[in-house]
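There are 4 protein chains.
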Amino acid sequence: MAFELLQFIPPDFTLPALANAPDARMEPAPKDGVAPEGFHAMSIFPEYFKVNGEWLLAEESRMDCVPVYGDEKIHVIEFRNLKAGDKVICGRTERGEEGILVHAGGFAEENREEETFAFRQGHSRESSFSRDYDELYELLRYEKEHGRILWVLGPAFAFDYDARNAFAKIIRAGYAHAVLAGNALAAHDLEGAYLKTALGQNIYTQRHQPNGHYNHLDTINRVRQDGSIKSFIEKEQISDGIIYSCEQCGVPFVLAGSIRDDGPLPEVIADVYRAQDAMREQVRGATTVICMATMLHSIAVGNMTPSYRVLQDGTVRKIYFYCVDISEFMVNKLTDRGSLSSRGIVTNAQDFIVNIANGLGL
Amino acid sequence: MAFELLQFIPPDFTLPALANAPDARMEPAPKDGVAPEGFHAMSIFPEYFKVNGEWLLAEESRMDCVPVYGDEKIHVIEFRNLKAGDKVICGRTERGEEGILVHAGGFAEENREEETFAFRQGHSRESSFSRDYDELYELLRYEKEHGRILWVLGPAFAFDYDARNAFAKIIRAGYAHAVLAGNALAAHDLEGAYLKTALGQNIYTQRHQPNGHYNHLDTINRVRQDGSIKSFIEKEQISDGIIYSCEQCGVPFVLAGSIRDDGPLPEVIADVYRAQDAMREQVRGATTVICMATMLHSIAVGNMTPSYRVLQDGTVRKIYFYCVDISEFMVNKLTDRGSLSSRGIVTNAQDFIVNIANGLGL
Amino acid sequence: MAFELLQFIPPDFTLPALANAPDARMEPAPKDGVAPEGFHAMSIFPEYFKVNGEWLLAEESRMDCVPVYGDEKIHVIEFRNLKAGDKVICGRTERGEEGILVHAGGFAEENREEETFAFRQGHSRESSFSRDYDELYELLRYEKEHGRILWVLGPAFAFDYDARNAFAKIIRAGYAHAVLAGNALAAHDLEGAYLKTALGQNIYTQRHQPNGHYNHLDTINRVRQDGSIKSFIEKEQISDGIIYSCEQCGVPFVLAGSIRDDGPLPEVIADVYRAQDAMREQVRGATTVICMATMLHSIAVGNMTPSYRVLQDGTVRKIYFYCVDISEFMVNKLTDRGSLSSRGIVTNAQDFIVNIANGLGL
Amino acid sequence: MAFELLQFIPPDFTLPALANAPDARMEPAPKDGVAPEGFHAMSIFPEYFKVNGEWLLAEESRMDCVPVYGDEKIHVIEFRNLKAGDKVICGRTERGEEGILVHAGGFAEENREEETFAFRQGHSRESSFSRDYDELYELLRYEKEHGRILWVLGPAFAFDYDARNAFAKIIRAGYAHAVLAGNALAAHDLEGAYLKTALGQNIYTQRHQPNGHYNHLDTINRVRQDGSIKSFIEKEQISDGIIYSCEQCGVPFVLAGSIRDDGPLPEVIADVYRAQDAMREQVRGATTVICMATMLHSIAVGNMTPSYRVLQDGTVRKIYFYCVDISEFMVNKLTDRGSLSSRGIVTNAQDFIVNIANGLGL
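Residue numbers (numbering that gives the first Met the number 0), protein chains in the order written: chain Y, 0 to 361; chain U, 0 to 361; chain H, 0 to 361; chain E, 0 to 361.
Hints are not guaranteed to be accurate.
Since copy identity is lost for identical chains, a pair holds within one copy or between any two.
Dumping the calculated SDA-like pairs for lysine to any residue here, alpha-carbon to alpha-carbon at most 20 Å [to be verified]: (1) Lys229 / Gly37; (2) Lys195 / Glu93; (3) Lys143 / Leu359; (4) Lys317 / Gln224; (5) Lys332 / Leu295; (6) Lys30 / Asp63; (7) Lys332 / Ser123; (8) Lys143 / Arg94; (9) Lys72 / Asn51; (10) Lys332 / Met294; (11) Lys72 / Tyr141; (12) Lys229 / Ala18; (13) Lys168 / Pro251; (14) Lys168 / Gly358; (15) Lys168 / Lys195; (16) Lys86 / Glu53; (17) Lys30 / Glu235; (18) Lys317 / Pro209; (19) Lys86 / Gln224; (20) Lys229 / Gly32; (21) Lys82 / Gly37; (22) Lys143 / Glu266; (23) Lys30 / Ser227; (24) Lys234 / Gly69; (25) Lys168 / Gly69.
These aren't lab readings, by the way, just hints derived from the structure by calculation.
Same shape as in the complex, but just chain Y (with noise of 0.2 Å):
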């Protein structure tokens, strides 16, 4: 059964309550990085906003920042990206009373009494996962084609063999247009390439080498001496691994640092809300979010992921949220979003993703 895309039922602005609405009330940001009092915060739905009379859509939104009008549109900023005049929208009632409307059921002919059920219940490590794979690989089939599918992954991602070649036939299958990862990640992966070790074990007979543990800061220090990834990938005559594979597919990463880091490798980016922008960046394109093992990245990511995406045609379509994870702790955590279009799938991201890889025909 192929995949189709749920049609977006818009509003009905003919209803009095929103006929009716007065215009959103604006406020100036009383200085850089502070909203006014009473400053609207942004759900994960489609979110529309009074002006002139007329409703406007945020075409890309992000829970928890402000809605800015400006140049005729609704830009959806972060607190410390405000700037000191910025016309914040106030007010935080949601059904039209001060011209905000928050439309959480467009996507509502889906079947809803089934999947509210799979919502309430949560998942657990004994949750049948069979369909959801199924239907996975018809979306990533569609989205190959139609979106823009985009990785996130976490630190240990790379260090299963196995795990790893598959997630590079991935991209090299068309399958990934952007992945979003740390320093550990991109280091493990090129130390696999680059000494055929994960932390010092070889990574498939996990056989330990001779002072191994020197291995990852070995590689840490020879990209920082040849001063890029990139440049590493060709001095090194790297041919393997998702890194590797990236570069040589076109597709973008972005590593974001962060305290647990060594090194770093010089392409991560040490400023954490630069290292945001950089990833909402990708998020801004992206039909289908899939993360993996990490909590850090994952929280982040679905931080900045909405529920819908407005393609370039104006169509509203969904946003497909996967957050994979062997603790149900984690997977609850960001599949609890009130969102139909979260899943969640409890397992070892190593084994998920030769499923996938499988399921694929890859």
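Please build the complex by placing chains U, H and E on the supplied structure of chain Y, with the hints as guidance.
Relative to chain Y, chains U, H and E alone:
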């Protein structure tokens, strides 16, 4: 690379410490179910006892049980199964001092350095399991021809459509020689076959059936009405699933009772010590044991599985013991037994079994 | 703020749907241990059955068991305990249509909004439990005088010196009216009392005793030799611990057998269904149930604990059910029962019980 | 039993292997941020380097960083902080062969047998922690007078009313000399003080406040408006909580930025490597480090904490490192460092801190 059995190196009984060792001391059990003071308790390793100047190997061992001499053999008996007067071997030394030799290093030619490290580290969600999978495929192919593979299944294992199908294929392809489980696993599996649901949800779509919470009770009640699982399969024309495949292929299964049972199904053994006996009966023949997603049954089987098997021709070989669970706590509890033949895989058992079926080409 | 029992609001049987409801249909059990088709199965809520024009409350309910009419009362019977000819009530509607009323909202005056939310959210390591602790202290003080507190203990609960002492104090102070556990808990606790070790390590210093791995076997064997726990306590002059405190204070304990048992101790009930009966006997009187650090026993007790109790004077009151475990999976599995009286606390049971003893001023 | 510091046994430099060892080899860093090939990387143990015939101890070490000679001392420098031309010590042997000595056994008089075992076993929910708690109480009393206690807090630590109060007491009683955390912990704690909620729920009753999901944003925005946490505390008359207590008692806190941050608060350090530097500044003085309920910060601090501290008078003493987390995975990851001074406690950090406050008599 095909699987090769490690050679067993028996003790060198000509060494002075062993050649000059006294006979093992025996004391009669003072009453039924009670061992004499100073009783020896078995480990998981091959153990030899000097009787009338000859070293006898306990051929079918079980940890924490006692060695009893009779019929010129060493029998390993549970406390509860001791009879008054049984000749229990006493002594708590291990190197011959009292005629008792615990031979822990018999499979020493394996790569010790590497394995020892793996053992010391424990396993976690971040361990690489690629090689473990590959080795397991080889092992299973070998055991299909030359050994006996015992599978131990947790209660929720049959909830997942793909996992249930994968395991049924494994049975039908000859990779399962016995199955140990409980009432819940069998009831869930039979509900899947009879009513196509798992706890009332469609087993594939997860859609709730009206009054579906009755389904598992209706299934159990029907089996009880029909008198046996065998009869239920016939009368209700069951044609898929784990239990069905076992019945069809003549694979014995033991269903042990527990205090959490509904019903129970007629085949469930209510007395847990009789259940232990029935389980050990299957373990006695097993050369590979794979426990999936169950704490109760895994610990029970782990307790009764030694690290070696004496084949009919007298060959001593390793028993391979795997524990597959999503929790590091569980996996490390089970595999931290000082035995090199114990392996843990930290993942969701659903994905594990799907991977195994794929890896075996099923 | 002292604890106050919520008032129970019985159904309004004058409502047309109930007043005009037909009598409940009864069918004879077709044979021992088998219910007639269409049997009704109980929930955890108060349920009423119309018999001869009168609504009868099932006074001692048990989930997933069947209502049987006899002696002018509704008995709730396990499938395995049905006798051929028992008058089993049939029907699977819940609002009177077939003379069956499931009365889920009887304790409605509690703050629904707040509680409902807490229920929906599930519990995690990040939930705040301060208020739960305070409420529990009040509840325990109330129950000490007016109710019965049933504690369910996992196998490792006695490993910790402080936890073992704290729970012994709780028993001696009158906050425990019955204890449910298994062979392992009792064996570990008695080893602590007899040899001052837990699995061979000094129970406080954790220092290994020479040959300490024999200690739990020596303990069990000695109890078996002495004939009973009671006799062991006398002969070996045991003077501390959980089981000792139970014996001394006349607090009944039920030890249910499981397939993981060594020994077992003489009091352990080998037949799990007889064990269920003995456990339910204790549950019948309980008004608060606290399960700690056990999946097997918690699920078993959860299955047999309804949400209400009918006191001797006919008052219907809530039963409070707590599940304390370090795993969200376990806690949510147990407390996700649709009942407002279910509470989960995600923590190590050792710290929990030390907190409870402190909070009660012991 | 009062706490006593273990005596440090320095290496015996008169042993031939050390007396005859060559001087350590130094190579200039080839460019900023890059170490020369063959660089030596530090462990957590005391390490000595032979320079001009004398053995110099690296006084402030950090794992996986490089030793640089300058000003007649050994400085331990992060890769990113290396300057071109820095004299980096090279060599990857550890027993003097290249003038490098890793002195792992300096605190050897502690009971090795026992400790070693504890180390090997790992910690689990079933470990006994009674003695660890008692030792920790003694340690904290000692450190209050003679050392520096560094606390590392996870983001959700301030959600629990009791835990927040307990930790505030610990600060006010002088048991905290520095606090490391992130934006979320501070924002949650300040929300609790400002609006009496945690993520919009009353921090004690858990009752949802109307529009409570705005509370953490309103708090952050207000702090940003006020310009600093200090100014916020004054202007908004904050009078309770963790951050307030730190400010009041002059306990420094470092808030490290992360990609999951909202806001952020003005004091949060956006550049993670500058944040590392600020954290290490606090670690340099610490003699006991306690990490609670955070993977990110615990790993970061674990990476920068050596096993020893050189006091002002030249005494070498142990650093005690505790990791408290509900997940065995996390605890074992952090404490499996080959150092006897690492301890893990598997529990909910809320209960842990309440226990600690009780145990200290606060």
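Hints, one by one, checked against the model:
no. : hint            : in the structure
1   : Lys229 / Gly37  : neither (47 Å within a copy, 23 Å between copies)
2   : Lys195 / Glu93  : neither (55 Å within a copy, 25 Å between copies)
3   : Lys143 / Leu359 : within (11 Å within a copy, 30 Å between copies)
4   : Lys317 / Gln224 : neither (44 Å within a copy, 36 Å between copies)
5   : Lys332 / Leu295 : both (12 Å within a copy, 17 Å between copies)
6   : Lys30 / Asp63   : within (19 Å within a copy, 43 Å between copies)
7   : Lys332 / Ser123 : both (12 Å within a copy, 9 Å between copies)
8   : Lys143 / Arg94  : neither (36 Å within a copy, 51 Å between copies)
9   : Lys72 / Asn51   : within (12 Å within a copy, 70 Å between copies)
10  : Lys332 / Met294 : both (9 Å within a copy, 15 Å between copies)
11  : Lys72 / Tyr141  : neither (30 Å within a copy, 61 Å between copies)
12  : Lys229 / Ala18  : neither (55 Å within a copy, 46 Å between copies)
13  : Lys168 / Pro251 : within (16 Å within a copy, 41 Å between copies)
14  : Lys168 / Gly358 : both (12 Å within a copy, 18 Å between copies)
15  : Lys168 / Lys195 : within (18 Å within a copy, 36 Å between copies)
16  : Lys86 / Glu53   : within (17 Å within a copy, 67 Å between copies)
17  : Lys30 / Glu235  : between (50 Å within a copy, 19 Å between copies)
18  : Lys317 / Pro209 : neither (51 Å within a copy, 29 Å between copies)
19  : Lys86 / Gln224  : between (47 Å within a copy, 17 Å between copies)
20  : Lys229 / Gly32  : between (36 Å within a copy, 18 Å between copies)
21  : Lys82 / Gly37   : within (17 Å within a copy, 49 Å between copies)
22  : Lys143 / Glu266 : neither (27 Å within a copy, 43 Å between copies)
23  : Lys30 / Ser227  : between (38 Å within a copy, 14 Å between copies)
24  : Lys234 / Gly69  : neither (47 Å within a copy, 33 Å between copies)
25  : Lys168 / Gly69  : neither (43 Å within a copy, 49 Å between copies)
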